[in-house]
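Top line first, the protein sequences correspond to chains A and B. For the first sequence, this note's numbering assigns the number 1 to the initial residue and increments by one for each residue that follows. For the second sequence, this note's numbering assigns the number 123 to the initial residue and increments by one for each residue that follows.
None of these hints come from the bench; they were simulated from the model. Among these hints, one or two may not hold up.
[As the list claims (entries may be wrong)] Derived BS3-like pairs: lysine-lysine, alpha-carbon spacing no greater than 30 Å straight-line:
id: 1; chain 1: B; residue 1: K343; chain 2: A; residue 2: K12
id: 2; chain 1: B; residue 1: K421; chain 2: B; residue 2: K253
id: 3; chain 1: A; residue 1: K108; chain 2: B; residue 2: K184
id: 4; chain 1: A; residue 1: K44; chain 2: A; residue 2: K3
id: 5; chain 1: B; residue 1: K348; chain 2: B; residue 2: K159
id: 6; chain 1: A; residue 1: K69; chain 2: A; residue 2: K117
id: 7; chain 1: B; residue 1: K185; chain 2: B; residue 2: K160
id: 8; chain 1: B; residue 1: K279; chain 2: A; residue 2: K85
id: 9; chain 1: B; residue 1: K343; chain 2: B; residue 2: K279
id: 10; chain 1: B; residue 1: K187; chain 2: B; residue 2: K279
id: 11; chain 1: B; residue 1: K221; chain 2: B; residue 2: K151
id: 12; chain 1: A; residue 1: K85; chain 2: A; residue 2: K117
id: 13; chain 1: B; residue 1: K185; chain 2: B; residue 2: K127
id: 14; chain 1: B; residue 1: K291; chain 2: B; residue 2: K221
id: 15; chain 1: B; residue 1: K279; chain 2: A; residue 2: K3
id: 16; chain 1: B; residue 1: K425; chain 2: A; residue 2: K85
id: 17; chain 1: B; residue 1: K251; chain 2: B; residue 2: K401
id: 18; chain 1: A; residue 1: K66; chain 2: A; residue 2: K4
id: 19; chain 1: A; residue 1: K117; chain 2: B; residue 2: K221
id: 20; chain 1: A; residue 1: K69; chain 2: A; residue 2: K3
id: 21; chain 1: A; residue 1: K4; chain 2: B; residue 2: K232
id: 22; chain 1: A; residue 1: K108; chain 2: B; residue 2: K348
id: 23; chain 1: A; residue 1: K12; chain 2: A; residue 2: K66
id: 24; chain 1: B; residue 1: K279; chain 2: B; residue 2: K151
id: 25; chain 1: A; residue 1: K85; chain 2: B; residue 2: K466
id: 26; chain 1: B; residue 1: K185; chain 2: B; residue 2: K343
id: 27; chain 1: A; residue 1: K108; chain 2: B; residue 2: K151
id: 28; chain 1: B; residue 1: K466; chain 2: A; residue 2: K108
id: 29; chain 1: A; residue 1: K85; chain 2: B; residue 2: K253
id: 30; chain 1: B; residue 1: K343; chain 2: B; residue 2: K425
id: 31; chain 1: A; residue 1: K85; chain 2: A; residue 2: K12
id: 32; chain 1: B; residue 1: K251; chain 2: B; residue 2: K221
id: 33; chain 1: B; residue 1: K348; chain 2: B; residue 2: K185
id: 34; chain 1: B; residue 1: K127; chain 2: B; residue 2: K187
id: 35; chain 1: A; residue 1: K117; chain 2: B; residue 2: K401
id: 36; chain 1: B; residue 1: K425; chain 2: B; residue 2: K184
id: 37; chain 1: B; residue 1: K291; chain 2: A; residue 2: K12
[What the hints assert, rightly or not] Covered stretches of chain A, as calculated for chain B (at least 3 residues, CB under 8 Å):
id: 38; segment: 12 to 20
id: 39; segment: 34 to 45
id: 40; segment: 84 to 92
C-beta: ideal position from N, C-alpha, C; glycine also.
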Amino acid sequence: MTKKVLMVEDEKNVILGVRTCLDAVGYQVEVVEDGEAALDAVRKEQPDLILLDLLIPKIDGFEVLKVLKGDPVTSSIPIIVLTAKAEDEDRQRAMDLGADNYMTKPFKPQELWDRLKHYLPD
Amino acid sequence: MILSKLPEPVNLETIADNLADAVFMIDRKMNIVWLNKKAEEFFNTSFEAARDRNIADLTAIKKIKGLIQEVFEQQEALKCTYEEASVKVKRLDQRYFFKIAINPIFHQEKLWGALLQLTDVTRFHEMEKIKTDFVSIVSHEFRTPLTTIIVGVEMLKEGMLGDLTPRGKEVLEAIGADCERLNRLIDNLMELSRIESGTIYVEAEPTDVADLVQEAVRPLKLQAEKQGIELITDLPPELPPVAADFNKAVWVMANLVGNAMRYTDPGGTITVRVRQRGKRHFFTVEDTGCGIPQENMEKIFRKYVQVSGPGRKGAGGVGLGLAIAKDIVMAHGGEIWVDSEVGKGTTFTFTFPVYQGGESVTLPEAD
C-alpha cells in the first residue's frame, strides 16, 4: 500500500524539491503550509509519517510537535523535523517534545530516503 | 623636554584632563596615586576620594589585578590583543567595555608603579555583536535555498528526472561539489558565530586519542588517495586519554589535515603524530607542501585571513578554519601553533591536556 507522508513546509521551492524527491520513490505526499493546517490535516486523515519544518506560520513546528506527540491518538505517527535551525538547543527541544528524528537543511535525497525507509518499512 | 615649551595657559594637567581616555597612575601596591578627569567622571569619584585606594576596588574590574601583576612581573608594557585586553565595567546598570593599556613606570631603574589607560570600546563591542548576529542569520538563511538546489542537483545527477548528456552530468557534478563547499562554509560561519557569541561550550571528557585521530582522518583517506598524497598516522600504543570534547577535537584535527591536503602536491606526504610530554599531548600534522612565508605565519590564525604565497592556490575557503580551530583548542586550555619552511612543508601542532580525572564542563568566560 502506498504510504502517505504529510509535509508541513511553507517554502515553495523546498516543497517542489522534497515532493519530487518523495514522488520518485513512490510515496503519496500531501502538503500543508502552516501549523494550523497541519493539525487539521492530521485530524481529518492520519498520515503514515510527518515531515515538519519548525519555522512555519500560525502555529510553529514546536507547538505542532507538542500537540501531536501529547495526544495519544496521534503520538505514534513518526515525525521527522526538517529545518534550517541547526543549533543544538533547537534540536534538543524538538527531541524533548517527542520528534522521532531531526534533519537539518540542506540534506541529500538519500539521507531523506534512508530515514523514511527506517520509519516506514515495507 | 618638549613639555616645558608648552604655551602659557596650557600645562600637563590640561592635557591629561582633556584626554578621551581614563588614565590612572598607581604605585607598586596598586594603589591610586593620580587620576585624570575622565577617570574621575567615569568611576564617579574625585581625586581626594580615589587617592590611595586600590585600583581593583575602585574600578571593580575583576581581571585588572591579574593584568597589572603580569606587567609588574614581566616589567614590560602589557602586550595583548584587543580581545584579551578588553574589560567589562558596570556603571549605572550599563555595561561598558574598555581596552586597557598598562605601562610600567621605573624610578632609578627600579619598578615604581604603572600608568593605566582605559579606552572606551563599548561601541566596537556592539558592532562585533551585530556582526556575529548577522553572520548567524545569514548563514541560517542560506540553508533553505541550498536545500532546493542540493535535492534538485542530486536527483538530476542520479538520472531520476530524465536522461542527461555526458556534458550535462559533468556540469551537475561541478554544481554538486560547489554546493558541498557552500554548505561547509555555512557550517563554519555558524560555528564561528556560536563561538563568538559565547554560546558554545566545551565538554571535556576522557577521549581516546586513537579514536579521535581515526575519526578525523578516515573520511579524508579516499580523497588523499585520489590526490596521490600519502596520509600516515603515527601514534604510540597505549596513550592515556586527553580531556577533550570529542566532536570538537575531531573537527580541529580534520580541519588541519584537510588544509594540509589543499596545500600538498601529488606525491607528497601528510603525517599525523601524537606524542605525550608531561601532562600534555602534542598533536602534529606535518605536510610536505608549499610552506607558509614567514611574514604570514602570525596572521593565519586570524579570522577571514587566507594566506597567499608561492604555490598556495586559492584554496576555496574564507579563512575561518584556523580561527575556529584556535578558539576550540584554547577553550580546552591547549595551544596551537605553526612551523613552516617555504618549499619544504608545514607543521601544525596543538596540545590537549591529558585527562586527569574529575574534569567537568568548561564554560566559556562569561565576559
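Legend entry - Hint check, failures only: Hints 1, 3, 5, 10, 13, 14, 17, 19, 21, 24, 25, 26, 27, 28, 33, 34, 35, 39 not satisfied by this model.
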